[in-house]
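Construct all of the structure, not just a fragment, from the sequences and the given hints.
Just so we're aligned: the sequence shown equals residues 487 to 584 in the numbering used here.
Don't read these hints as lab results, they were simulated from the structure. Some hints could be false.
Here are the computed lysine to aspartate or glutamate pairs in the DMTMM-like style, where the Cα-Cα straight-line distance is at most 25 Å [as the list claims (entries may be wrong)]:
1) 534 to 558
2) 504 to 530
3) 534 to 578
4) 503 to 515
5) 534 to 520
6) 504 to 558
7) 504 to 541
In this text the structure is predicted, and so the values were computed from the model without any measurement.
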Amino acid sequence: MVRGNAGIESGADLAGKKIAVTAPGQILDMIVNEYIAQSGVNPEDVTKVGMAPPDMVPALTNGSVDAAIMIDPFQSIALGGGTVTRLVRASEVMPGTS
487 MVRGNAGIES GADLAGKKIA VTAPGQILDM IVNEYIAQSG VNPEDVTKVG
537 MAPPDMVPAL TNGSVDAAIM IDPFQSIALG GGTVTRLVRA SEVMPGTS
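Shown next as structure tokens:
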């Protein structure tokens, strides 16, 4: 998920951005790592911010982070607010995930 006004239209645009993840080494973090690698972004060029899933929606909408990898119901809440868009589905990055 990305803020609509963050200027992020592809994985390559994540360079230099802050991305909310749950915790290093967990599946959501692994999906982010894979996506940025597929996009040609050096992992050192993104800043990952660990936070609990309920905190990701406000952090994304208030600009504390530029992107977040979310699970439901939080991704549905974020999308329903109108200021957040989906960049990519986890299943597109790592088939077999949702």
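Q: Would you pick out the hints that fail for this structure and give their numbers low to high?
A: none
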